[in-house]
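Take the sequences, apply the hints, and build the full model.
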Amino acid sequence: MESAIGTVTDVIFKSDEKQIVSLKTQHDYIQVLLNNVDLHVEPQDHIRVRGTVANCSMWGKQIHANEIDYIPVTNDLLADFLMTGIGIGKATTERLITHFPSNLVSLLASNDINELSSVPRVSKAAATVICNNWNKQAGKVELLKFMDSVLKNTAQSKQVKLKNIAKKAYGIYGEQTVDKLLDDPYRVWAFSNFSHADLLASAMGIKADDHRRLVCAVEEVLYSQLEKGHTQVSPNYFARELSELLNSSKLMLQALTAAVAVGGENNTRIIISESNCPDDMPENERLYNRMYALPGTTIMENYVKEQLQKRLNSNVLPIGISDNVLDNYVQKGNKLSTEQKQAVKMILTNSVNVVSGGAGTGKTSVLYCANDLIRQSGYDVLQVALSGKASQRLIQQTDDDAFTIAALLTKIEHDEKFLDKYQVPVVHIDEASMVDLQSMYRILSVFENRPLRLVFIGDWAQLSPVGIGLIYHKLVKSTKVPKVELTVNFRSNQEIFYASEEIKNGVLPTANQRVEIIEYNSESELSEIVKRQYYLNTFNNNEAHIIAARLKTVSQANILLHKHLSKSRKVVKVSPQFRIGDKVIYKKNDNDLGLVNGSTGTIIGQSESTIQIHFTVEGVKELKYENIQSESEGDYILQHAYAMTCHSSQGSEFNVAIVIVEDIEMVERSWLYTAVTRAKERVIMIASKGAIENALARGFRFENICVGFSL
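Going by the numbering used here, the sequence shown opens with residue 1, and the numbers climb by one from there.
Take these hints with a grain of salt, some might be off.
Said to hold, decoys possible - Below, computed lysine to aspartate or glutamate pairings styled on DMTMM-like, alpha-carbon distance capped at 25 Å:
no., residue 1, residue 2
1, LYS90, GLU115
2, LYS689, GLU495
3, LYS411, ASP399
I should point out that these hints are in silico values taken from the structure, not numbers from a laboratory.
This is how it looks when you write it as structure tokens:
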């Protein structure tokens, strides 16, 4: 076991678990490896490390630390700390130490800026910076002394975890951290979870029925509800979880009462919305008729509602287009249907619009026509979508540029005048059913006080947002928002459309020549069916993809088909897990390559250092090793794509969709509907017994998401 004392000067390498830092000791610089995220440190930290010495082929001699202590800076290390930890320079350091040979530490600790700035060429501003950085280190030392005293009877591994959490709290509370934790140890919940906060509080002697504990428990279960998409819920949704967290039904009721006591419309911890209850309703029943929410989501929902309401109340100037123009408008040889003309006219007339329709109902034709007429009238179009795949499809189908929501927000952040180029733009939000509350909040924020026409385009029956909240589905149901639902299907093959309509209505889809249902009874039987159906439906270079719900199932199908199909194919030298002919998907937005997250293609060739892929939309691209695997994260950016998740497939269309229907909660009506509507020519559902019926019975996921937003 070896130990060293010094100041952290640099973080050389960092990953989720590992960190390598440079430590300046009194005599040398040494490297320290920290394999536990709870031991990670920051530049300027003055520490003692203990561990074993090892030689690394890449980094050289290192101490592999298993203990870290934050310690006060002593006189013998004072000069090194001032130069490396605070970074004030050698000359200034020497002047300070020469001027105050015995009491510099006490002057720094007492923030004596006047005395420090009496030294020649040390300004008050410099003295202030020196004192602040000195006391930041001193504050950490005092905090960890406090944690040591509180946790003396706590297991070592848990001490390390709680100390790391306390350091995160220090980043917010600074020198007040100890006082904040003494006032309410559950403050550390914001930096970890209820279990860790409860451990600290228990060590500090906090009782099980303490109101601070009870309120924090309610915050914890409300936070867990966010992971299910809910932004505002009644206790019916979380009472069981709260009881289990507190290990008591009695404490659960006390926790609800405590939350009501601290809650309210303007509370910073829990927002309580009162419902219309009879005056004589017992308090226990009244507790269950209230709605509980976290303030962050409530703020966002209120903002989205306010901004959309403002735009509805202050309409933009309509773009006048005669009925004759719409009647004679031709796009790709086809005139618009009555519904499509209504949708175009609505977009040109209103400031907020909703266009809804399933696959093949002509949403793209509506956008193409609207964009064309808007540009002819001298206005601009901005198209955005949640995913790179969807934005790419917009570009391809409308001949107009399109951004992902993230890319648009980044562009605006780096170019404040970007939006000034657009006078009353029409902002199309495609795949709107997938847009969550946070994305909508950010979009409306950047367009606040700017005139625009906002168009939500989507299919309410498709997948709901992965993130929190519901926007599009609530707008579809609103009586205040202009909307048109496209119901006429223009595809030549109506059988898949009829099957999708049956799924929407909760009816078992009718099998026919283009819709097939195959039942499997075992995993081995499923594998054989998948191999056979993929072979039959990719004969003569036909395009087929397998869609599944679970990543495990997707991975198993990809391994199965890669192994089955690639026996005689050439191995790709630059990345041997691939072979010529493999179906692949790119999992990153890459402007340099012109690829988006979700681009699919086939490996067609290779060189010594590259791989050639023919992507369905982007054409042939040549990828180097660094384009295939992320060196920093170790993950493969290029992956096999014989099979993919339903979320990855959204925004894509395939000649044939082979849908594996598993009997799990994730597979509900919108999942099945979305998977089936990826198919243009043929869909095969491979289902376990009763899986399709159970998916239909689960209904649409969005129907079970509780939110506070409505319009």
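Hint check:
1. LYS90 to GLU115: holds (20 Å)
2. LYS689 to GLU495: Between LYS689 and GLU495 the Cα gap is close to 23 Å, so the pair holds against 25 Å.
3. LYS411 to ASP399: Between LYS411 and ASP399 the Cα gap is close to 21 Å, so the pair holds against 25 Å.
Consistency note: the structure conflicts with none of the earlier hints.
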